[in-house]
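Chains as they are written, first to last, in numbering that gives the first Met the number 0: chain A, 0 to 295; chain B, 0 to 295; chain C, 0 to 295; chain D, 0 to 295; chain E, 0 to 295.
These are calculated hints, taken from the structure and not from any lab test.
Fair warning: this is a prediction, and the values are worked out from it, not measured in the lab.
Warning: the hint list may mix true and false statements.
To be verified - The list that follows gives simulated cross-link-like pairs (lysine to any residue, SDA-like), each with its CA atoms no further than 20 Å apart:
#, chain 1, residue 1, chain 2, residue 2
1, B, LYS102, A, LEU276
2, A, LYS148, A, ALA159
3, A, LYS102, E, ALA165
4, A, LYS137, A, SER224
5, D, LYS148, E, LYS148
6, D, LYS100, D, HIS161
7, A, LYS100, A, THR157
8, A, LYS137, A, HIS161
9, A, LYS148, B, SER171
10, A, LYS269, E, LYS148
Unchecked claim - Which bits of chain D does chain E cover? Going by a derived footprint, with three or more residues having C-beta under 8 Å, they are:
#, stretch
11, 46–57
12, 147–155
13, 159–165
14, 168–179
15, 200–206
Said to hold, decoys possible - Not close to chain B: a few residues of chain C, all C-beta gaps over 12 Å, as computed:
#, residue
16, PRO18
17, PHE23
18, VAL28
19, GLN126
20, LYS195
21, ASP274
Glycine residues also receive a C-beta, built at the ideal position from the N, C-alpha and C atoms.
The primary structure of each chain is shown beneath.
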Amino acid sequence: MIVSDTPSFGRVVQEAMPPLLLLFVWDVVVTIAYFTFAPKLLEIELPMTLFGTALALVLGFRDNSAYARWWEARSLWGLMINASRSLARQAITLIDDDPVKGKALSREIVLRQIAYVHALRCVLRGQDPLPEITPFLKADEIEELTGTKNIPNALLNTSARHLAHANGLTDSFRRVRIESTFVDIANAQGGMERIKRTPLPMHYRFLPQLFTRIFCVLLPIAIVSDLGILTPLGSTLVGLMFIAALQIGDDLKDPFSNTVHDVPMSAMCKTVEIDLLQTLGESAPPALVPERGVLM
Amino acid sequence: MIVSDTPSFGRVVQEAMPPLLLLFVWDVVVTIAYFTFAPKLLEIELPMTLFGTALALVLGFRDNSAYARWWEARSLWGLMINASRSLARQAITLIDDDPVKGKALSREIVLRQIAYVHALRCVLRGQDPLPEITPFLKADEIEELTGTKNIPNALLNTSARHLAHANGLTDSFRRVRIESTFVDIANAQGGMERIKRTPLPMHYRFLPQLFTRIFCVLLPIAIVSDLGILTPLGSTLVGLMFIAALQIGDDLKDPFSNTVHDVPMSAMCKTVEIDLLQTLGESAPPALVPERGVLM
Amino acid sequence: MIVSDTPSFGRVVQEAMPPLLLLFVWDVVVTIAYFTFAPKLLEIELPMTLFGTALALVLGFRDNSAYARWWEARSLWGLMINASRSLARQAITLIDDDPVKGKALSREIVLRQIAYVHALRCVLRGQDPLPEITPFLKADEIEELTGTKNIPNALLNTSARHLAHANGLTDSFRRVRIESTFVDIANAQGGMERIKRTPLPMHYRFLPQLFTRIFCVLLPIAIVSDLGILTPLGSTLVGLMFIAALQIGDDLKDPFSNTVHDVPMSAMCKTVEIDLLQTLGESAPPALVPERGVLM
Amino acid sequence: MIVSDTPSFGRVVQEAMPPLLLLFVWDVVVTIAYFTFAPKLLEIELPMTLFGTALALVLGFRDNSAYARWWEARSLWGLMINASRSLARQAITLIDDDPVKGKALSREIVLRQIAYVHALRCVLRGQDPLPEITPFLKADEIEELTGTKNIPNALLNTSARHLAHANGLTDSFRRVRIESTFVDIANAQGGMERIKRTPLPMHYRFLPQLFTRIFCVLLPIAIVSDLGILTPLGSTLVGLMFIAALQIGDDLKDPFSNTVHDVPMSAMCKTVEIDLLQTLGESAPPALVPERGVLM
Amino acid sequence: MIVSDTPSFGRVVQEAMPPLLLLFVWDVVVTIAYFTFAPKLLEIELPMTLFGTALALVLGFRDNSAYARWWEARSLWGLMINASRSLARQAITLIDDDPVKGKALSREIVLRQIAYVHALRCVLRGQDPLPEITPFLKADEIEELTGTKNIPNALLNTSARHLAHANGLTDSFRRVRIESTFVDIANAQGGMERIKRTPLPMHYRFLPQLFTRIFCVLLPIAIVSDLGILTPLGSTLVGLMFIAALQIGDDLKDPFSNTVHDVPMSAMCKTVEIDLLQTLGESAPPALVPERGVLM
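Model the full assembly from the supplied sequences, consistent with the hints where possible.
Next up, the structure:
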């Protein structure tokens, strides 16, 4: 996620330049052709106005849908952070702090929750979670996880199972309260998988791109007789507007896709790690900082 | 659901071709008629602009509603997956793992939940659920289900009834927690039935289609005097834009209708099957993969 | 609710005909007047475009609000169906199935819930609920209900009171779980009453109609000099578009108003009746089927 | 809230007349000036079209936000009605109906809830709640409330405190269920205070008004050369459209502001009073009816 | 937050003046240049109409998103107020009011919750929370907090831990109910951190500004041949409209950014302080009042 307060024109230019340059070259070609061959130009204002209005509407709706997906993805991670903190608090206060078994069980559940968020992040990014979670789990637990298809879910189940065997350290009511937090965690995970696995419908993914390109190709033809030599400037400007609207949707539509526009999962996992370790009263690593304006 | 990363132009063409071809032929006819009879053409720009703007707005709103239905359908299935995982976790950890009765009851409830999602999928697709759920249930339970009108609901009730008779294996608090998960499952099922049984209001279903067709018929007449010989190209292009906007709504408005634009229920049921079997510690079948870019 | 897959043109025509005919006659009058008196016509394109665009936007927002009301009404009935099923399941499994008292209490609560949904339907439709609920309740309970202003709420309270006196058949935790289901039911009922008793704000109800009519009256005057003899056709077509957009909002804005566009409450009550009777293991009536494409 | 089925043209005229009249007079002045001085008029169509489109969009978005506020306010009152009914049911069924202490405590909690909704209504309307709640509370409780800044919240706390001291009449589980209903009530109250205390952002409150006025002033100048003597008619009509759109937002943006467009809090408080008294088995006052089409 | 009922034209002018003045000067320059050099002007109406329409749509969508963020931020603070009141009520009524230990624990939890909201406010505003919370906590607790990265979360954990050690003053059910309120508080806090740490996507932040500026630069060139000497007036007016739409989004997009458009966190913290102290039966400070129309 890009968090810098000032726009990095370098980045903007880098992203928008290739299509813009192409567009500009085409605009120049059309203008030169117009002045060279001086064709009896067709008036295509009506269809272009209709086309442009309809396209603006379609891009607007799509940007809205894409933004909603991105914001829902971020909100689900927010819920995950909240639920992780609540789980840690509950693991410590709803399990009797028996000096031997109680404290060990609480600590183990809290560390496993740190492992859980790292595992989930890796799964959503298509990476192998095992190396990332090794520091937080016992060796035999890591071993058991090999071959498991849904590692985060398995971690959750393990915590629940250990809790079920914690005879005398808690009671049914408190276990049920912790189980409800597991349900919150499972729901947040399921929501993220839903966004990850369900792309925008096909027509929303490809047609806006197609129509924007066609629009940009036709635009200089439509305005060259009015704008004359200034056509490349005017056409590129309006084209940039539509390309930018297209770009917004493209950047946001897949919020777990490992781009700079991504939801910053590494930073959020680190936040969970810090908060949970401090809840245990242990020393915590520093928070992640943006690199060149980008928080991963 | 179409999941391929690149647009399958074959599919796009296949779907959009018939109306597009028809539109193109009509555009050619209008153009030829114009150059043949050279009628004193009427200027219908104002009504066409108004008509087009209003139509774009109507299609935009309808696409939005249809997308919301589709996304809600997908989200409800997401909730079903989450609730299924939570139910499995709870069946294992909130029922005492008494080696004889406890483990058997847990396993039975988890398997019945797998049967449940398969049954729900079949009901939503208008198929007979019994063959699909046979592998997960005992023979006498299958028999009892014959004649039942709402099989998924009956399965839920059966699990709840067995739990009620599990004397000594659980207590009221834990039973109530599992019952709350049954409520989540029932709510997700009810939401899907609502979407399945309540089509978009009549006017949203038929009028956009009617108006788009009328618009496409009138469009070449409106622009032929301006565009001349290029009319078929321009008219087809703008028409395609509106037809595509219409198509998006049509594809998404019935998310349980057995088309390639469907919510991928078979794949999601398989996900539940895998996750729940692995939670039981049993071997799981492979996940469903897309066939030619389509996940069913 | 209209559920037929193909549009019943009969119905569409029947509904849209009167305004359309009126519109057409007026368009013809304007056209004849134009050719008869050949007035030096005014150019009212700019205000008509502005007027039309603003009107389209207003109708679009209103349709959206009306659709949201209709869908919320439908969703609340969906929640009612879900909660009814959950209540039945809980009445059977969270009350001990003591052969004498327990089974009788469970059955009584389930039957009263069937009565409840029928009573709620009647109240929302402004009908007397007593005849409809008599088959499901004891005679003395019916008698007690006479004079009660909020019969559904009274039924809910009765079930809760009986449960409170079911000494030894349940415990506090299970009673509290059932009470939470009562809360869900009360919330769904309250939501429906809210929609029933709170019409769209006055300006949303009357002004769109007024403006659409004015627009349709002015439209032929605006285009007759361009379209000439084709004015009635063009004007009627564009007018139909706006009238249809108006109609959509009018049909959906009062979802409990006993029209064919209504939420199908009779069918949903029958669904509850069937599911709850089958949950009790008793024989169930057939489901309601659409009559001439309309489900009541 | 205006609930009459037919528009009261009297009211509409009364509200819209002053600005409309002003507008009409200005339109006439512009028209007369045009025909008197016959100035070489400027063509301001382009900026007016842009201005009008942008203004329509801004008004549309604002109307949407204002309507959402109004509907949320109404929904929160709906939740309050539901929670009040649930609290009454719980006070009667979750407290043992011990003939001496139990029944008295239940009745007292129910009556205090009636006082609560009346107090909340008065606070939201900026009125003194004490006179309204006196009939439902004991004299000494009224006395204690003097000087309390948040009277509804204090009433809630009193009920909770009495419940905490009801030794032997209830148990922890049932108390916790009633406490959860208190939480629902507190959440609804907090939501209403939020809407009351947080007006729409400044720019949404003042700029639409300013721009609509400027637009109405410029409109006749823009169209007088086209419409000639009909300018006052055309300009007033289009102006009315924009003024109406502005009015909708203004009416709805403050749903607790003691106008005829208000959420009908008096009627809803009476509904709570009736339902809760009937739940107690006591006689209830009649419901509030609309006066001249307005329900307060 | 600006709460004055009448627009402070001083403030409006102060904010809008610099860009407006710049715009006006540019408009004058263009007009003078037009009359001086009388260039053969280009007709750039089509691209300007397209550009303006698309820009209006983009600004509309962005304003909507920014308003949604602002309203969500306000709603989360509303939830925090509600949860704080509920926590206070629960701390007093769900902990036995044992004269020695019980009352002290209740009071300590309520005071710590006051400290919590003040701490959260400071963190969101980037200020040091320790000085603000000192009055409500014991000296040794303040000391422990030094070095903690997430102070509000630590306060919550402390309350939960004290509750866990309150042997005999409460029971598991009541503790679990209070823990659920802690979860509500943690969720509200997490939601605020999400809004604080996740700015609008880059393209939404910078591009609308860029495009609005370009639009305002081009506008007078587009209309000077039509409007002549009135160009500065017309262009500034339309420009103001777009600049205002841009400003709305800019003001609302960061609701925790210490500007006058902020969510009024100081006032809301004071509300919590008053309500909670009065719940304890202690004397409360006066509420915060707006200073020159602004509530902080």
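Hint check:
With a C-alpha separation of about 36 Å, the suggested pairing of B/LYS102 with A/LEU276 is violated against the 20 Å cut-off. Between A/LYS148 and A/ALA159 the alpha-carbon distance is near 18 Å, which keeps this suggested pair within the 20 Å criterion. Pair hint A/LYS102 plus E/ALA165 holds up; C-alpha atoms about 18 Å apart against a cutoff of 20 Å. The hinted pair formed by A/LYS137 and A/SER224 fails the criterion: a straight-line CA distance of about 74 Å is larger than 20 Å.
Restraint check for D/LYS148 and E/LYS148: not satisfied, since their Cα atoms lie roughly 35 Å apart, outside the 20 Å limit. Distance check on the hinted pair: D/LYS100 and D/HIS161 sit about 12 Å apart at the alpha-carbon level, within 20 Å; holds. Taken as a hint, the A/LYS100 and A/THR157 pair is honoured in the structure, with Cα atoms around 17 Å apart against an allowance of 20 Å. Among the hinted pairs, A/LYS137 with A/HIS161 is consistent with the structure: their alpha-carbon atoms are about 14 Å apart, no more than 20 Å.
Annotation: proposed proximity of A/LYS148 to B/SER171 is violated, straight-line Cα distance about 33 Å (limit 20 Å). For the suggested pair A/LYS269 and E/LYS148, the alpha carbons sit about 12 Å apart, so the restraint of at most 20 Å is met. Counting residues of the stretch 46–57 of chain D whose C-beta sits closer than 8 Å to any C-beta of chain E gives 9, which meets the bar of three, so the coverage hint holds. Here's how the stretch 147–155 of chain D fares: 6 of its residues keep a CB closer than 8 Å to some CB of chain E, so the rule of at least three is met and the hint holds.
Coverage of the stretch 159–165 of chain D by chain E holds [criterion: at least 3 residues with CB-CB distance below 8 Å; count 4]. Figure legend: the stretch 168–179 of chain D, annotated as covered by chain E; annotation consistent (6 residues with Cβ-Cβ distances under 8 Å, at least 3 required). Check on the stretch 200–206 of chain D: 7 of its residues sit with their Cβ under 8 Å from a Cβ of chain E, so the three-residue criterion for coverage holds. No Cβ of chain B approaches the Cβ of C/PRO18 within 12 Å, the least distance being about 14 Å, so the stated non-interface status holds.
Every C-beta of chain B lies more than 12 Å from that of C/PHE23, the closest at about 15 Å, which supports listing it as non-interface. Every CB of chain B lies more than 12 Å from the CB of C/VAL28, the least distance being 18 Å, so the non-interface label holds. For C/GLN126, the non-interface assignment is confirmed: its Cβ lies about 23 Å from the closest Cβ of chain B, beyond the 12 Å cut-off. Against chain B, the non-interface label of C/LYS195 holds: every CB pair exceeds 12 Å, the least being about 18 Å.
Non-interface status of C/ASP274 relative to chain B is broken: a Cβ of that chain comes within 12 Å, the nearest being about 5 Å off.
Checked against the numbered hints above, the structure violates hints 1, 4, 5, 9, 21; every other hint is satisfied.
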